[in-house]
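**Q** Please put together the full structure from these sequences, using the hints given.
Each protein sequence line maps, in turn, to chains H, U and B.
Residues in the first sequence are numbered consecutively from 22, following my numbering.
Residues in the second sequence are numbered consecutively from 5, following my numbering.
Residues in the third sequence are numbered consecutively from 566, following my numbering.
Hints in this document: simulated from the structure, not taken from any laboratory.
Hints may be right or wrong, so weigh each one.
To be verified - Straight-line alpha carbon distances no greater than 30 Å define the calculated DSSO-like cross-link-like pairs of lysine-lysine that follow:
no. : chain 1 : residue 1 : chain 2 : residue 2
1   : H       : 242       : H       : 294
2   : U       : 37        : B       : 667
3   : H       : 153       : H       : 96
4   : H       : 96        : B       : 667
Claimed, not checked - Pairwise CB distance ranges (calculated):
no. : chain 1 : residue 1 : chain 2 : residue 2 : range
5   : H       : 232       : B       : 727       : 22 to 30 Å
6   : U       : 105       : B       : 666       : 56 to 64 Å
7   : U       : 33        : B       : 612       : 54 to 62 Å
8   : B       : 572       : U       : 200       : 14 to 22 Å
9   : H       : 51        : B       : 678       : 54 to 62 Å
We treat Cβ as the ideally placed atom computed from N, Cα and C, and that holds for glycine.
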Amino acid sequence: MTPAAVRLESVTKRYASTLALSSLTLTAEPGEFLVLLGPSGCGKSTALRVIAGLERPTSGSVRIGDRIVDDVEPKDRDVAMVFQSYALYPHLSVRRNIEFPLRSRHIAASERDRRVTDAARSLQLEQLLDRKPAQLSGGQRQRVALARAIVREPKAFLMDEPLSNLDARLRVEMRAELIELHRRTGTTVLYVTHDQVEAMTMGDRIAILNEGVLQQVGTPKDVYGRPANVFVAGFIGSPPMNLFPGELVGEDGVTIGVRPEDFTLGGAAGPVKLAAQVSLVESLGHEHHVACRVAAPSLSSEPLVLVRLPASVSPPSLGEGVTLAASGPVFRFDSESGVNLELAGKTGAAAGDGSGFR
Amino acid sequence: MRSRRTRDVLLAYLMTVPAFAAFVIFVFYPLVKTVYLGFYRVAPFPGLPSHYVGFSQYSTVLSHSQFLAPLFNSTLFVLFTVPTGIAIGLGMAVAAHRQLRGIRLFRIVFSSTIATSVAVASVIFFTLLDPTTGLFAYWIGQRGGTGLLGNPTFALPAVAVVSVWQNLGFSFILMSAALASVPEDLLEAAAIDGASGGRRFFRVTMPLISPTLFFAAIVGVIAGFQTFGQIDLLTQGGPNGHTNVLLYQIYTTFYINADTGTASVMAVALFLILVLLTLVQFSIIQRKVFYADER
Amino acid sequence: MRTSVRTSLRYLLLAAIAVVVLFPIYITVVNALLPVQLIGHRPPVLFPSHPLWSDFSQAWSGGSLSQYLRTSAIVSISITVGSVATSVLAAYAFAFLEFPLKRVLFGLCLATLMVPAEVTIIPNYRTIQVFGWFDTYPALIVPFVASGLGIFLFRQSFRQLPRELRDAAVLDGYGHWRFLLRVVLPLNRPMLSAFAIFAWLGAWNQYLWPLLVTNTDARRTVQVGLRQLEGLSVSAPNVVFAGTILAALPIFAVLFLFQRQLVRGLTAGAVKG
Numbered sequence: 022m023t024p025a026a027v028r029l030e031s032v033t034k035r036y037a038s039t040l041a042l043s044s045l046t047l048t049a050e051p052g053e054f055l056v057l058l059g060p061s062g063c064g065k066s067t068a069l070r071v072i073a074g075l076e077r078p079t080s081g082s083v084r085i086g087d088r089i090v091d092d093v094e095p096k097d098r099d100v101a102m103v104f105q106s107y108a109l110y111p112h113l114s115v116r117r118n119i120e121f122p123l124r125s126r127h128i129a130a131s132e133r134d135r136r137v138t139d140a141a142r143s144l145q146l147e148q149l150l151d152r153k154p155a156q157l158s159g160g161q162r163q164r165v166a167l168a169r170a171i172v173r174e175p176k177a178f179l180m181d182e183p184l185s186n187l188d189a190r191l192r193v194e195m196r197a198e199l200i201e202l203h204r205r206t207g208t209t210v211l212y213v214t215h216d217q218v219e220a221m222t223m224g225d226r227i228a229i230l231n232e233g234v235l236q237q238v239g240t241p242k243d244v245y246g247r248p249a250n251v252f253v254a255g256f257i258g259s260p261p262m263n264l265f266p267g268e269l270v271g272e273d274g275v276t277i278g279v280r281p282e283d284f285t286l287g288g289a290a291g292p293v294k295l296a297a298q299v300s301l302v303e304s305l306g307h308e309h310h311v312a313c314r315v316a317a318p319s320l321s322s323e324p325l326v327l328v329r330l331p332a333s334v335s336p337p338s339l340g341e342g343v344t345l346a347a348s349g350p351v352f353r354f355d356s357e358s359g360v361n362l363e364l365a366g367k368t369g370a371a372a373g374d375g376s377g378f379r
Numbered sequence: 005m006r007s008r009r010t011r012d013v014l015l016a017y018l019m020t021v022p023a024f025a026a027f028v029i030f031v032f033y034p035l036v037k038t039v040y041l042g043f044y045r046v047a048p049f050p051g052l053p054s055h056y057v058g059f060s061q062y063s064t065v066l067s068h069s070q071f072l073a074p075l076f077n078s079t080l081f082v083l084f085t086v087p088t089g090i091a092i093g094l095g096m097a098v099a100a101h102r103q104l105r106g107i108r109l110f111r112i113v114f115s116s117t118i119a120t121s122v123a124v125a126s127v128i129f130f131t132l133l134d135p136t137t138g139l140f141a142y143w144i145g146q147r148g149g150t151g152l153l154g155n156p157t158f159a160l161p162a163v164a165v166v167s168v169w170q171n172l173g174f175s176f177i178l179m180s181a182a183l184a185s186v187p188e189d190l191l192e193a194a195a196i197d198g199a200s201g202g203r204r205f206f207r208v209t210m211p212l213i214s215p216t217l218f219f220a221a222i223v224g225v226i227a228g229f230q231t232f233g234q235i236d237l238l239t240q241g242g243p244n245g246h247t248n249v250l251l252y253q254i255y256t257t258f259y260i261n262a263d264t265g266t267a268s269v270m271a272v273a274l275f276l277i278l279v280l281l282t283l284v285q286f287s288i289i290q291r292k293v294f295y296a297d298e299r
Numbered sequence: 566m567r568t569s570v571r572t573s574l575r576y577l578l579l580a581a582i583a584v585v586v587l588f589p590i591y592i593t594v595v596n597a598l599l600p601v602q603l604i605g606h607r608p609p610v611l612f613p614s615h616p617l618w619s620d621f622s623q624a625w626s627g628g629s630l631s632q633y634l635r636t637s638a639i640v641s642i643s644i645t646v647g648s649v650a651t652s653v654l655a656a657y658a659f660a661f662l663e664f665p666l667k668r669v670l671f672g673l674c675l676a677t678l679m680v681p682a683e684v685t686i687i688p689n690y691r692t693i694q695v696f697g698w699f700d701t702y703p704a705l706i707v708p709f710v711a712s713g714l715g716i717f718l719f720r721q722s723f724r725q726l727p728r729e730l731r732d733a734a735v736l737d738g739y740g741h742w743r744f745l746l747r748v749v750l751p752l753n754r755p756m757l758s759a760f761a762i763f764a765w766l767g768a769w770n771q772y773l774w775p776l777l778v779t780n781t782d783a784r785r786t787v788q789v790g791l792r793q794l795e796g797l798s799v800s801a802p803n804v805v806f807a808g809t810i811l812a813a814l815p816i817f818a819v820l821f822l823f824q825r826q827l828v829r830g831l832t833a834g835a836v837k838g
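**A** Following this line, the structure appears as structure tokens:
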């Protein structure tokens, strides 16, 4: 099956009182692994359900390949969906579950068997074909759900948080397996998650949504290195980017953002320098997280800044006074709109040169 | 997709039509019709038209002893059957609660009357209570005469005994399920706190199963007001009307005396009594569901 | 030592209860096995030394018992199948479809629970006459082929299915009928069988309605037939005993086979879990 592009064109979905999607335009290119990322309730699952045809958009349209599918039944859209709860039929064996989508499509028995065998082999399910879902582990169930999607040889896979019911170790394993699967089949994948690590490691591109509005689409490198706005900046990266009012460094009307790994204690002179006091030290083995309270006489509360130090550096002690210096990129966002001022081009010259607090 | 939605609506109506056709013809229409029939007085001789008398028939019938006496009998019958039925069922459930070798057999025996119908139970007791050949007469040293069922004082209690026996199985199953739903750890905690067996039962078990007790009571009261078969098979309302319960009175008024108007008025009254009881039952179930969710 | 005494006492108590519960049934069986002249004998015969099986064959062939039982079987099975079918369909619509007046119609379903059949016998009796159904199977069956309780229980049960199962079936091309048959029904078997056995029991035990709408032995159910049988208590008491046992046997058999479903059905709504 040749992979197809999947395109949402100004799709709006309104429920009784809430706006789940606000004029979303987004394209997954043929064969692309596109991740829809956002907090719960941001509309990412709704987008997937609209593509599948399970929900009808209030306005806008959906295109799969070169066909507008707004009036096409879900079963004829040629997309397969993998659900968070796996949605396996408890009364059917693994084999019957996998072939379930084929049985409604009048596919010849021999062809059906071939496809089921292929799917089972590619997901190491051959030994489990006669079991019931209740006799499987979480990871195995996940594989069955994937197999059920694969047998259809669809133009695109829609995956709705498929790994969120797995424990941490299995999730890492399945992540690798999904990437491998995508490489092998070359099918377009739209993958919904709230886990930014999944998004960063799996996606060719990431689309970040918040409250039904698309915030940014870009490669993992893009959204990390050039966040479009405060929301993306705060959402991507773990631990999250430090965001504090520009007043602290004498810049009014902007929000300053520095990632925890881009701070050093004392040391070299940089564009941003803050006097602070260590309030918490967490040593994780491979690195230290140091939370510092910044002295801010001009503000009503003292902002907390998190610094990530490599294990080779010995961490400061609790209560110690330190000077925080930015050693990496410093982001500036409009404090009203939240827009990244550098990308908006408004203060292109000022961004990054740190004028004003040298 | 628009057509799919229309199709779904059509399908929904198609699927609900069979049930609703039956409801309309055999539940809603006759309910309204019963109220309506209560407005018409039936002529004393067959063949003459009945005429509209409005609410006057309601007020005369409902204040007349032909309604009040059966209502009293039904109430008495409920008082005889419901508390005893629950108490005995609970006692049997407690006796069979402990795991013992062969307890399964006892549980089957205890539930066995569920397999008797009202008619079967009535015929069995009819023969037992027969004044000439029945065992009961032999035990109390009497032979001949009117027997218990012909005795104005004992007829209704005797019918009540038949009903209680017939319902023992149901009551036992219900109470056993209730006991089984009491968490073992609560009882163990009470035992560790030094509560005696009786205290554990009354302070822990009883409050926890009280919703089921209420449920059983209401179901029992509703069933009690619908009593018919026992009366028809054992006493036909006699002696001298002492076992003439409400539904039996409706039956004779309608079927034997062909007084549709009077029978309809009494049917409406019975309906209102049962609705009231059902509403009480629903509110209890809802509250219980709430408890369960909280726990 | 003390515990063994307590255990013995416990068994004694259980046995005493068992005797009281079973005695009426036992003595009926005994009398059914006695020759007619020993019935009512003083002192009473509590154990048949020479059991006589002829009473049963007499009750079976002499009266109309076999006819009653056949009618009861046809009626009760038809009511069970009918009410399960109509309830499944309506419950599916209420659980999985969106349509105008859905809430109103469901409210009406619940309302039927408050209208016992006893209250509506007068107009229903007339309706049966108008339809020309007096003393026919439809009169015994059709008024009971819909059940508000069934619709309510099935809808609750169907709604427990995860929504994603329905979504997956939609994507896989399964329409409502196939989803109902392939997924919903198999997954709700416990509730279906519990309700079915409960509905069957209720139908089998009906008394007042069959009494009203039948007047020949060909259409009398066994419960009403017992009334005919009772009339023989003076002339042929042994046949009455044997007939009562035969009338009760099918229900014993069915309930023994479906104990678990029955208990689930009876306690649905009364006890959580």
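**Q** The structure should be examined with respect to each hint, and the outcome stated for every one.
**A** Quick rundown of the hints versus the structure:
1. 242(H) / 294(H): Answer holds: residue 242(H) to residue 294(H) is near 27 Å, not above 30 Å.
2. 37(U) / 667(B): OK: residue 37(U) and residue 667(B) at ~26 Å, within 30 Å.
3. 153(H) / 96(H): 25 Å, holds
4. 96(H) / 667(B): 27 Å, holds
5. 232(H) / 727(B): 22 to 30 Å: Hint holds: Cβ distance 26 Å, inside 22 to 30 Å.
6. 105(U) / 666(B): 56 to 64 Å: For residue 105(U) and residue 666(B) the Cβ distance comes to about 58 Å; the hint holds.
7. 33(U) / 612(B): 54 to 62 Å: 56 Å, holds
8. 572(B) / 200(U): 14 to 22 Å: At 19 Å between Cβs, range holds.
9. 51(H) / 678(B): 54 to 62 Å: Cβ of residue 51(H) to Cβ of residue 678(B): about 57 Å, so the range 54 to 62 Å holds.
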